[in-house]
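Colleague: Using the sequences and the hints given, assemble the complete structure.
From first to last, the protein sequence lines stand for chains A and B. Everything in the first sequence is counted per this note's numbering, starting at 1 for the first residue and increasing by one. Everything in the second sequence is counted per this note's numbering, starting at 1001 for the first residue and increasing by one.
Be aware that one or more of the hints could be misleading.
Claimed, not checked - Ranges between beta-carbon positions, derived for each pair:
#: 1; chain 1: B; residue 1: Thr1056; chain 2: A; residue 2: Asn299; range: 15 to 25 Å
#: 2; chain 1: A; residue 1: Leu180; chain 2: B; residue 2: Lys1081; range: 51 to 61 Å
#: 3; chain 1: A; residue 1: Gly246; chain 2: B; residue 2: Pro1120; range: 46 to 56 Å
#: 4; chain 1: A; residue 1: Ser296; chain 2: B; residue 2: Gly1130; range: 19 to 29 Å
#: 5; chain 1: A; residue 1: Ser296; chain 2: B; residue 2: Lys1081; range: 27 to 37 Å
#: 6; chain 1: B; residue 1: Gln1021; chain 2: A; residue 2: Val292; range: 16 to 26 Å
#: 7; chain 1: A; residue 1: Gly8; chain 2: B; residue 2: Arg1226; range: 42 to 52 Å
#: 8; chain 1: A; residue 1: Gly246; chain 2: B; residue 2: Arg1134; range: 39 to 49 Å
Stated by the list, open to error - Computed, partial: chain A to chain B, Cβ under 8 Å:
#: 9; residue: Lys88
#: 10; residue: Ser91
#: 11; residue: Met215
Note that these hints are calculated values from the structure, not bench results. Every residue, glycine too, gets a C-beta built ideally from N, C-alpha and C.
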Amino acid sequence: MRLGFIFGEIAQGLKRNVSMVISVILVTFVSLTFVGTAGLLQLQIGQMKGYWYDRAQIAVYLCTAIDPASSCPQGAAGNDIKKAVKEKLDSATIKTYVASFEFEDHKQAYKHFQEQFKGNAVAKYVTPEQLPETFWVKLKNPNDSQIILESLGGQAGVFEVRDQRSYLDQIFSILNAASLAAVGIAALMLFSATLLISTTIRLSAFSRRRELGIMRLVGASNFYIQLPFILEGIVAATIGSLLAAGAVVAVVQFFVQGYLAQQVSYMSFIGLGDAFLIAPALVLVGILLAAVASSSAINRYLKI
Amino acid sequence: MIRIENVTKKYRGTARPALNQVTLEIEKGEFVFLVGASGSGKSSLISLILREEVPTKGLVHVLGEDLVRIPSRRVPYFRRKLGVVFQDFRLLPNKTVTQNIAFSLEVIGRSRGLIEAAVPDVLRLVGLEGKGDRYPNELSGGERQRVALARAIVNKPAILLADEPTGNLDGATSEGIMSLIERINLAGTTVVMATHDKAIVDRFKKRVVELSGGEIIRDERGGSYRAAESGGES
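Modeller: In structure tokens form, the structure reads like this:
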């Protein structure tokens, strides 16, 4: 095996189809960046789930004077109702699941509301009586929320029992949809990358048809004939995937850590460690893709 | 050495077979002219021996290989035992004479040392000493065909296939190429040469196989381009 000869052939092939090679590099770069972004988004979702699910509580909202009679026939919840709910939470059957709970009255709710909606017009119009009194329940295992939902849901004077995770789930499903969209775009781009690689190989084989004809005549082995083409595709795709890997790392370093994490300080974000998890996978995908695309192209366009 | 039995070759989309029930045996060291009009099947026969084509029916055995059954990954190794030249030389225009010949050895993985020794040798043999650094477009037609011959024999093939090697050359130049091919033959290489060149066939008095419409209509030792008046089919 003459390595120098093979590398010479690859260099020549790359030089001859510069514009095609550049387009292969760019398409693999963009498509793999999408794949990487989808991966990052999934990791971020995972991280947020872990973070927020730990903090999510169950809110037992008690009836207020303004709640409709259909759910609160007896009007605003009185002390007897608060006592009944508290007793239930303290009862032996439920207590085993509950880590802790606290009561928030109108005044505290109003204070939290004013903090949360500071500057918002709605803060001016709301009165303490309109905000429900609430038992905030923290569970030992957040997955047991159904028990609380069932046992307190039908309680007289309770307006609604709500697992905060249901709000989070909506956010996560939006993020999931976004990452699915990224995967979809990535799949399309990867498909066009495959086609582009095979067209490039075909062009390259065409421009080298004299050499190939002679190689076949003098009995160069199939491997020897095909290897430069396959490597040519792999070199181009590797450059593209390295760029994509770099882009993923850069996005995490400069956008997520450098911007988002500074702006949104209460949330935890993925770090460089996660990016370095995804980057090598991208390079691997790029190389595999090129190997498969170019060897199938060669089998189609190079008759031995 | 070459045994072709009842071979029929049909190309897709053509009604008439290019070769029809052809049987031919060529011994080691022979020199065979394939003659006949264009489209008579000479080139098809050469393609079959090279295993560029597979017969539709029949058997092709060359150098002990069954070319109908040979697995495609073994074909390159089979072809290394053959040398081929064509009417259009098929040289690489961007490589020098030396590089053209070396290329055919490089692509079958020969070592640099062997190539450096073999190329000047074969250039001397074909009478192109001192022209190794020329490019094909700087050479005459005869010299180009000598380069092609050098490339064909540098790997010491058992069989030399020549498809109209003098087709693009004038009479005197053709003579030079032919005496070179004869020398190669005398050194022990079997030669199969398709040609239209009446003068050459008549002068060299070798075995002549005449094809017409895909069939062998004459196979004559020491024959001439046209069948003799007395007939001469054997």
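Colleague: For every hint, state whether the structure bears it out.
Modeller: Do the hints match the structure? See the list:
Between threonine 1056/B and asparagine 299/A the beta carbon distance is about 24 Å. The supplied range of 15 to 25 Å therefore holds. Between leucine 180/A and lysine 1081/B the Cβ separation comes to about 58 Å, which falls inside the hinted range of 51 to 61 Å. For glycine 246/A and proline 1120/B, the Cβ-Cβ distance of about 50 Å falls inside the hinted range of 46 to 56 Å, so the restraint holds. Remark: the range hint 19 to 29 Å for serine 296/A to glycine 1130/B is contradicted by a beta-carbon distance near 47 Å.
Taking 27 to 37 Å as the suggested C-beta distance range, the pair serine 296/A and lysine 1081/B conforms, at roughly 31 Å. A C-beta distance of roughly 45 Å is found between glutamine 1021/B and valine 292/A, which places it outside the suggested range of 16 to 26 Å. Look at glycine 8/A against arginine 1226/B: about 51 Å separates their beta carbons, and that is inside 42 to 52 Å. For glycine 246/A paired with arginine 1134/B, a C-beta distance near 48 Å keeps the hint of 39 to 49 Å intact.
At about 79 Å, the closest approach between the beta carbon of lysine 88/A and any beta carbon in chain B exceeds 8 Å, and the interface hint on this residue is violated. With a least beta-carbon distance of about 78 Å to chain B, the hint placing serine 91/A at the interface is violated under the 8 Å criterion. The criterion of a C-beta within 8 Å of any C-beta in chain B is met by methionine 215/A, whose closest approach is roughly 5 Å, and the hint holds.
In this structure, the hints that do not hold are numbers 4, 6, 9, 10, in rising order.
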